[in-house]
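J.: Here are the chains, one letter per residue:
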Amino acid sequence: MALAHEVGRIIGLFALACVQVTLLGLPSGFTLPLVPVLVICRALLGVSDAFPDVGLGRALRWALYGGLALDVFGATPLGAHALALLLGVLVVAALTRQLRVERPVVPLLAVLVGMLIYETVLALFLQPGAIEWRSYLLMVVLPSVVIALAPTLPLFFMLRRVLRGQG
Amino acid sequence: MRPTVATQPLWPAPTPMRDFLDDHPIKLRRERSPVPGSLRPFVLAIGLCLLAGLLVFLDRRGVITPARQAVQSLTAPVAQRLTSLRDEAGAFITAPRGAAALEARIAALERENGELRNQVLRLEQVQVENAFLRQQLAIQQAHPWTLLGAEVTVRSPDAGRRMITIARGSREGLRPGMAVISQLPGTPAALIGIIETTGPHAADVLLITDISSQVSGRVIHQGRAEVGLVQGQWQRGSRLRLGQITRALELAPGDTVVTAGLTAALRLPFELAAIPPNIPIGSVEAVRVIDQYQIAEVRPFVDPDQVRYVWVILSQED
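If you're matching them up, the sequences are chains Y and Z in order. Going by my numbering, 113 is the number at position 113 of the first sequence; the sequence numbering is gapless. Going by my numbering, 207 is the number at position 207 of the second sequence; the sequence numbering is gapless.
Treat the hints with care, since some could be wrong.
Facing chain Z, according to a computed beta carbon distance under 7 angstroms, are these residues of chain Y, among others [said to hold, decoys possible]: (1) L60; (2) V72; (3) G74; (4) P77; (5) L78; (6) G79; (7) L86; (8) L90; (9) V91; (10) L116.
Since the hints were made in silico from the structure, they are not lab data. From the three backbone atoms N, C-alpha and C, an ideal C-beta is built for every residue, glycine too.
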């Protein structure tokens, strides 16, 4: 039963990654980062769980599956997105263990920090040559983070509602 | 008696909150927990990070790349379908609505269509020019001539004068008396006319078939040559006539006629001095003998009425 649920999670995250890379492209060339935001929100809800270790463990597995799915759809080295997401989740979890996540500013700050780490790690893995960090931050990282903030609150509250199982 | 109070609850007992994704009951912490969690998830995170790093390493080494590509090939059709759906939806959303928007769109498309047509025309012109330049190169490699290509812009509107106008003039170094040649598929490059007048950007060419055209020619028969006069005959129902050939050389159909370049050879100060010798003109079709001379009907190698692009012989290497 647990294995079936795990397989279902993997399939669900692959489906979301597929939706992200195909349907959520913006005219500006950026993509709405559905999977990273969901994974960071899952980490937030995990650390605020009654059993934070279990919740965080699940969030880390989400990060691995979602990252591998993005690697498959994005044709990047397998594990690059996964590592970036795992590090983002890890930092977010470490920073928010002592916070109350019900306040809307917490998910926003968590996604901000998580996406900064995610984009930075990705840049280190995927950029072939030396990176000019100033322009890369301005042209790539900051817009990506801002775009990620837009769906954060709806996704966070929707995910919380689903996890609580209350209609 | 005191009425009995019903002990049944008005609402059913609340079901415990469940994590429908993870199938485990969850309970959100309402208060700030002073107790930090264990290090277990962080150990798990480090383990997963190491796993991800190992995957990156193996993929960059190409060890697991075939497996990744196999998965990608499986997911590619779904991704393509979704992408095309997004494109179709985007096209539908951005499609113009209303008569005014449609008219504006049509006008924009017509403008674009016009520009594209112009581009196609320019491209076709370049292709034609390319073909002519290749032809010119082949001629120049076979003959010691310096050529200048020109398009035929105007043909004589009446049968009185067999002339054409070409799109090159004195600005490009053309002057009266220069020989004009052309080539059709399956023919050698051959004389078709002589420049009669020049303007800055155009020149009139008198075709060799015109009755007023007279050029010194040399007929070659079995290794021997005789000089005569090639005259246009178009207005007389024929093409060319080669005259003033003595009977010393017996002409026969199929003999080749080329320019003699007599004016140039004698260094006479005439316009025709610009015509070099040995430009092919045509071949003998029929021969008549009148007194001491022979007259030959000559069929030009290149029909001047068929040409669309010509070359002017600017000079010849000695």
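J.: A separate judgement is required for each hint: does it hold in the structure or not?
T.: We went through each hint and held it up to the structure:
Here the hint on L60 (chain Y) is kept, as its CB sits about 5 angstroms from the closest CB of chain Z, short of 7 angstroms. With 7 angstroms as the threshold, the beta carbon of V72 (chain Y) comes within range of chain Z, its nearest partner Cβ sitting at about 5 angstroms, so the hint holds. Taking 7 angstroms as the C-beta contact cut-off toward chain Z, the hint placing G74 (chain Y) at the interface is violated, the least distance being around 10 angstroms. Because the smallest distance between the Cβ of P77 (chain Y) and any Cβ of chain Z comes to about 4 angstroms, under 7 angstroms, the interface hint for this residue holds.
Hint status for L78 (chain Y): holds, given a least beta-carbon distance of 4 angstroms to chain Z, under 7 angstroms. The restraint placing G79 (chain Y) at the interface with chain Z holds, with a minimum CB-CB distance near 3 angstroms, inside the 7 angstroms limit. The interface hint given for L86 (chain Y) is met, as the beta carbon of that residue sits about 5 angstroms from the closest beta carbon of chain Z, less than 7 angstroms. Given the 7 angstroms rule on beta carbons, the hint for L90 (chain Y) holds: about 5 angstroms separates it from the nearest Cβ of chain Z.
Annotation: interface hint on V91 (chain Y) violated; nearest CB of chain Z at approximately 10 angstroms, more than 7 angstroms. Because the beta carbon of L116 (chain Y) sits about 17 angstroms from the nearest beta carbon in chain Z, more than 7 angstroms, this interface hint is broken.
Hint compliance for this structure: hints 3, 9 and 10 are not met, and every other hint is.
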